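Engineer: The primary structure of each chain is shown beneath.
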Amino acid sequence: MLSNLGNILLFINVFLSVLIIYFASQNIKTSGNSISETIYQTTLLQTTLIFGCFFTLVAAFITSDFSLINVFENSHTSKPLLYKISGSWGNHEGSLMLWVIILTIFSFFFLINNKTHPKNYRLFTLIFQNIIILGFLSFILFNSNPFTLISPAPKEGLGLNPILQDPALAIHPPLLYIGFVGSSIYFSAAMASLITNYSEKFFAKSIKNWVLISWVFQTLGILVGSIWAYYELGWGGFWFWDPVENASLLPWFAMTALFHSLIVLEKRNVLYFWVIILCLLTFVLSVTGTFLVRSGILNSVHTFANDPNRGIYMLSFLCLMIFSSLFLLFKKYRKNNYNINFNSKETYVLINNWFMLFYLLTVLIGTLYPIFTDALTENKISVGPPFYNTVIIPVVVIFLFFMAIGPNVKWIKNKFDNLISLIIIFILALIINFIIVYFFKSFTILSNLIIISSLFLIISSLIDLKKSLEKSKFDLARIISHLSFGFLILFIGLNHNFSLEEDFNMKVGDTKSFNNYEIKFKKLEVKNFKNYKSLIGDLEIKDKKMSQIKTLNPEIRIYESPSTLTYEAAIKTNIIKDYYLTMSNIDRSDFYNIKFQKKPMMFWIWVSCMVLAIGGFLRVFQNAKSN
Amino acid sequence: MQKVIKFLTTLIFLFVIVVFYFSLNKDPSYQTNSLVGKKLVELNLESFDGDYSLRTKDFKKNNFTLINFWASWCSPCRVEHPILMSLSKSKKLKLVGINFKDKKNNAKKFLNELGNPYNLIAKDEIGKKSVNFGIYGIPESILVNKEMIVIKKFIGPLNTRDYNEILKIIN
Amino acid sequence: MKIIIFYFIIFLNLSSSYAAKKNIDQNQIYKNLRCLVCQGQSISDSNSDFAQTIKLVVKDLIKQGKSEKQIYTFMADKYGDWIVYKPQLNKQNFILWVLPYVILLGGGLVIFSIIRKKRKKF
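Chains as they are written, first to last, in this note's numbering: chain A, 378 to 1004; chain B, 8 to 178; chain C, 214 to 335.
Honestly, the hints are just simulated from the structure, not real lab data.
Owing to the predicted nature of the structure, the values given are computational and were not obtained by experimental measurement.
Derived lysine-lysine pairs resembling DSBU-like cross-links, with alpha carbons at most 30 Å apart:
| # | chain 1 | residue 1 | chain 2 | residue 2 |
| --- | --- | --- | --- | --- |
| 1 | B | Lys99 | B | Lys46 |
| 2 | B | Lys110 | A | Lys900 |
| 3 | A | Lys919 | C | Lys272 |
| 4 | A | Lys884 | B | Lys115 |
| 5 | C | Lys244 | B | Lys46 |
The task is simple: from the sequences and hints, build the whole structure.
Structural biologist: What follows is the structure, encoded as structure tokens:
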């Protein structure tokens, strides 16, 4: 029943998209600057129905309707309600539903929110957006239909992978998708702008909030994903440069570059084509990322089931997108005058873009390179964290300095009158760095540089904050974001530098001593829970210096549906540091591998990333107010 | 100049897409097949009973040797065992079994129950020696020639197709 | 600008003198080796049988006085290039290591040329 309803709604949605494209192209031909009521109504209907379609799927998950293959494969009656619901988007087919919803909502809100802009520009945006919607709807219908039936209907589902049963992972996909599916709207808008020659700063105005919103959600999505990886994977890290993580980072770089350039386009009316390229690039990267993750051509932590047909569909879609946008761009491209001074804010924004593109392309090259060597030379290689760390981190140091100086530089032409204050800030950063190093007695050159440069950024942002509070001329959003980015890098640097990691093979009753710590394996309990059995270790960590004792209980869980073994880390968080303990069984012995990690500043890494996103939100509100 | 850039951009995208297309049908999981053609060196394995140490020269006597890594706790090893038994009938092939991270008694029980196909048995109790052979999970089998050059690697249990292939190579 | 240039020179000097002092950190090596039986995990992150064995072998190699680089070469020799997370700088991986820097330089040049064009007009 639900299956039929879902399929009918999908078909109606296809029909509505076609209808909207038809109405819009009719409307373009008419004179006057108003969009016909029919289009608004159809778009509203489209949005409502796609929600209906999505809720049908959610309903199937809640009621555990195993006549749907998708529900059968990803759910189980014994699962908590939250995970039944999140299970609906935790798989490939369901997540595509989420894609289409976000495409549709953004399309709808872009249409009704930009009434001051020319009719044809808005209509073309609507048309392009609906073409994308059609592409994904047909992908769902012909290849990845979540409403496909299975007969006879099984009595019980296979269950959702237990490591995916986590609140962070329940909200991670929606956040991330709002981010990179949201970028579709400025892809469409950029195409429309090329066609209608709507290029001035008003174009920048029409898309800037959309860019910011998608950036904020992308940031939050990445954050929540990292938090999940930290708590759930039990490896003690939060970023692994895994291809899937990289795929979410690529559009983030492009968005960051884009909203900085948009400021220049809005203020100075230059860089139009560059902005267009970034708009197009962001969504192309989002789709490329999805293609890489879903087609199974990459070996990664999070692989979705492999299906070459799926890959071919997405690749053709990607191909169509890339070449149509290239064609349009080349056709409309004309040389323009840049009119930018060496020492001006414009230059600094360009520098931001320069670094962003460097990060973007480095990550892209690193991610794709193994695919290329495999395809061209049959030799499989791995490109992992050491590559990214060696190439990217030294460049971050320089970037942070520019990031500190840039915002205070004036538009058009600037004089360096604040050189002395910069030197003072620099010296201050040096001193603080050496205090840190002196107290913790551990350093590498690179981490020193990271700490100094991030302190430089933090101090100058703080001074900016003070100045803007005095003047009442607020640029709070920027200051908050730059400041928290400085803190983010600082905390990551400290975390990297002062982490401690030891692992032992221990039996119950053993005690091991290392550095200032002593670790004692007190006992091991077996407990039965609703849908899993758990081995719970009872370990004591003693900090000899502070004579503090902490008890940690790492677990090994044995799930039945589907049958899997997961390792639950025991984490004791406080303001300054986390203790992170994992326990795993060693096959064919009664020893357990106990891995202890001290991770400083974890809490602050999450906080600064959060504040970074809040800065973006603030800017959206400021923009909305000033309009 | 502009034309060149346009042309190059299109070409780069085209190239990437073509590579993606061909990669789609490839298996993304890794197998150590690239090691075929390498020479195995520095072998020093203790024999199963601990009375003899297995050296490179022991391999030089036969034209072909199949080095099989197995253990009593490994259930796929049971699956491939009949194939090893049939292979042991071939005179052109010697079988060397390396008992991997196993207990001696269990291993003996295993062989008594299912038969002993091996000409020589060595042991690798901790598993460190097997790293020299590029082993990452068992069962794995390596077919080498007189010069100790790897001709073929079999990852996972041997099946009848592998069996026919081995016979084809040695004959 | 001057600060940055000055700073960079210090950085280059220090980093070269620093490289000589570094001693072998086994955790670092575990992190840079890939666990072949896992999905995208390093030896350090994994508790599989395979990872345990590799850890033992790495410890042995360190005891034998092998350098970090020699250990990677040893592993790549036994298991293929796939096992090392840091691709070695060779003919095949040349583009991987050099292209990012080419992009960095190229980007700088583009910005520079945009700004210079404007200056000439005055």
